[in-house]
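Protein sequence lines correspond, in order, to chains G and E.
Under the numbering used here, think of the first position of the first sequence as 2, with each following residue one higher.
Under the numbering used here, think of the first position of the second sequence as 55, with each following residue one higher.
Any given hint could turn out to be false.
Covered stretches of chain G (in silico footprint by chain E; criterion: 3 or more residues with CB under 8 Å from a CB of chain E, positions within the stretch not fixed) [said to hold, decoys possible]: (1) 166 to 175; (2) 179 to 187; (3) 226 to 239.
In silico negatives: residues of chain G with every beta carbon more than 12 Å from chain E [claimed, not checked]: (4) SER6; (5) PHE53; (6) GLY69; (7) ALA115; (8) LEU135; (9) LEU140; (10) ILE147; (11) PHE149; (12) LEU155; (13) TYR190; (14) ALA260; (15) CYS271; (16) ALA275; (17) ARG285.
FYI, nobody ran anything at the bench for these hints, they're computed from the structure.
C-beta atoms are modelled at their ideal positions from N, C-alpha and C, and glycine is treated no differently.
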Amino acid sequence: MPDLSPLYALLGLLPLDCLQPRFMQQALLALLLLTPMAAVLGVQVINFRMAFFSDAIGHSAFAGVALGLMLSVDPRLSMPLFGVLVGLAVMTVRRKSNLSADTAIGIVFSAVVAFGLAVVSRASGVARDMQQFLYGDILTISEGEIVFLGLLFLLTLIFQAVGYNRLLSIALNPVMARVHGVRVALWQYLFAILLALVVMFSVWAVGVLLVTAMLIVPAATARNLARTAGGMFWWALLAGVSSGFAGLALSAQDWLATASGATVILVSCCWFAASCVWTALRGRRRA
Amino acid sequence: MNRSCPPIAKSLSVILTSTEHAAPAIVFEGLSVRRGHTAILADVCATVPRGGSTVLVGPNGAGKTTLLLCLIGEIPYTGRIFAQGRDGSAWPRLGYVPQQLQIDSGLPLLVSEFLSLEHQRRPLWLGLKAGARARARRLLDLVRIGHLQNRRMGDLSGGELRRVLLAAALGHEPELLVLDEAEAGVDFQGERLFWEVLDAARRHYGFTQLMVSHNLPLAAHYATHVICLNKSVRAAGSPRDTLTAANLLDIFGVPIHLYPDQCGGADPACPQCGAWYGPEHLPADQPASPIPARQRDGLTPPRCRECSLHMPEAAPPENIAREKKHA
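Just need the whole structure built from these sequences, with the hints factored in.
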């Protein structure tokens with residue numbers, strides 16, 4: 002296990018009182034790793050029109066936890082694994098069947114949620130997990146999970162460096178991309194796996210109700226503000242990370258004292274609103 | 055793609071490996087595609103001449119796009135497709151021009167970025183290399199829209215977008231360029247320009263071109279080879295031999311005259327809507343009565359079933375009438 006204390010010390014240097022406790026430093030570190038991943042994957046989620054897809058994976062977290070309880074496997078293992086499976090299943094259905102994508106996802110979505118509820122209705126004492134699943138709890142994140150997030154962060158970085166152009170090409174026209182030598186199936190499945198993992202961790206942080214927002218809102222903001230496809234990446238990153246930081250800091254203020262996950266999303270929604278105003282103003286100036 | 059097909063039939067391998075200029079670039083042999091119980095393509099046999107501009111013509115649902123999808127390996131089929139790359143490789147380098155992109159107008163993507171997507175390895179978020187920029191400019195100049203390189207893709211007009219798609223495909227230096235109704239939905243001018251640019255590029259680079267199009271006059275003008283398709287091949291050859299009134303009537307069911315000198319006799323079509331008035335398509339109130347007989351009997355001309363205009367009197371063909379006057 003790598004020693005993360007220098008990082009915490011660095012975060013402790015920030016001139017904010019609320020960041021002095023260790024658990025706040027851990028939460029901030031986790032958010033600083035998670036929000037950029039969610040933001041840049043969100044760019045592709047928007048390009049692929051897959052918002053509903055990520056929502057379905059988020060909801061499968063519940064079934065993953067339930068499955069873990071049933072098979073007495075650590076939910077922190079069963080949840081991401083189950084999410085990846087669901088992601089691959091949906092991607093396969095989307096590629097192979099002639100059902101429209103939202104219908105296919107809607108079916109998988111219902112199945113996993115119903116399965117989770119059915120298991121929970123049998124077992125008792127999972128109300129606490131249910132709560133965490135709905136609202137998330139970034140403040141209880143452990144050191145081990147942060148290390149895993151760090152690994153995921155590296156993976157995402159590599160993925161974005163190699164695949165950004167290719168994924169955009171696939172989103173524009175998959176047939177054209179394939180003819181021109183892009184390995185469409187490979188990239189689509191890799192994307193589904195990575196997205197599933199990131200979504201599962203986002204569920205941890207902000208809860209299933211807000212997980213789609215964490216992906217979509219920064220990317221949608223970026224779409225409004227950016228002029229180029231490269232710029233969209235950076236704007237999404239900026240909006241995502243700044244919302245994560247500001248949301249956590251705000252939620253810890255005595256006068257606010259709100260749930261951190263919800264606050265993060267609210268801040269990023271403010272970003273989006275501002276970007277809409279900016280777009281409208283720019284449009285008027287042009288006209 | 056049927057790349058692992060059994061050894062090529064001897065005659066075909068001779069055709070494909072011969073160095074003659076006229077050797078075909080692609081040979082479709084007994085190609086069939088079924089979806090459920092419906093035959094989409096049935097026993098298609100056709101050749102696409104190397105270096106030529108081949109146009110696939112046929113009504114909607116005739117299987118034109120399906121044939122292209124078979125060629126680019128997108129859907130399974132029975133039968134065989136033979137093709138060979140220029141340098142003897144197993145398959146020619148392909149370029150593909152789709153009809154549309156799945157973008158909404160708000161997507162921030164510059165034309166120059168789009169043209170570099172499949173070319174530049176460095177991710178777009180680290181910026182375009184100067185080389186990629188210059189290459190995009192060159193490609194755009196080729197399709198005569200060099201000034202658009204910093205425009206957003208969503209801000210392009212339909213005609214401009216089609217030419218950007220063409221430029222992207224040309225950027226892959228294809229040996230075989232496949233276009234799926236790539237110019238459809240563009241105004242007359244735009245469509246003509248598209249064909250013109252395409253023709254110039256083909257002559258310059260010498261690639262083989264296979265194109266689905268609904269624009270028969272432009273196909274007649276620019277194509278070097280035409281394949282008329284309706285489930286199976288109905289006619290193939292030079293535009294003048296294939297796009298005849300009789301063939302087009304057979305395929306589309308409406309009289310279309312591309313070549314004035316091929317209009318033989320009077321056309322038994324409604325002058326208002328062009329619906330064909332042949333023995334099998336008689337108006338409802340005049341069953342089974344050939345036109346001359348009707349006139350002898352002094353009946354009123356029947357109404358067209360499509361637009362209820364009276365059908366024309368069957369006058370003698372104009373060219374014959376003129377001859378008579380001369381005599």
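Results for each hint:
1. 166 to 175: holds (count 7)
2. 179 to 187: holds (count 5)
3. 226 to 239: With 9 residues closer than 8 Å to chain E, the segment 226 to 239 of chain G meets the three-residue bar; holds.
4. SER6: Holds, because the least Cβ-Cβ distance between G:SER6 and chain E comes to about 32 Å, which exceeds 12 Å.
5. PHE53: With a cut-off of 12 Å, G:PHE53 remains clear of chain E, as the shortest Cβ separation is near 16 Å.
6. GLY69: Non-interface label stands for G:GLY69: nearest chain E Cβ at 36 Å, farther than 12 Å.
7. ALA115: holds (32 Å)
8. LEU135: holds (32 Å)
9. LEU140: holds (32 Å)
10. ILE147: holds (25 Å)
11. PHE149: Since the minimum Cβ distance to chain E is about 25 Å, G:PHE149 lies beyond 12 Å and the statement holds.
12. LEU155: holds (15 Å)
13. TYR190: Non-interface label stands for G:TYR190: nearest chain E Cβ at 18 Å, farther than 12 Å.
14. ALA260: Answer for G:ALA260: holds, closest chain E Cβ roughly 32 Å.
15. CYS271: At roughly 20 Å from the nearest Cβ of chain E, G:CYS271 sits farther out than 12 Å, so the non-interface label holds.
16. ALA275: The assertion about G:ALA275 holds, with a minimum of 17 Å to chain E.
17. ARG285: holds (16 Å)
Hint compliance for this structure: every hint is met.
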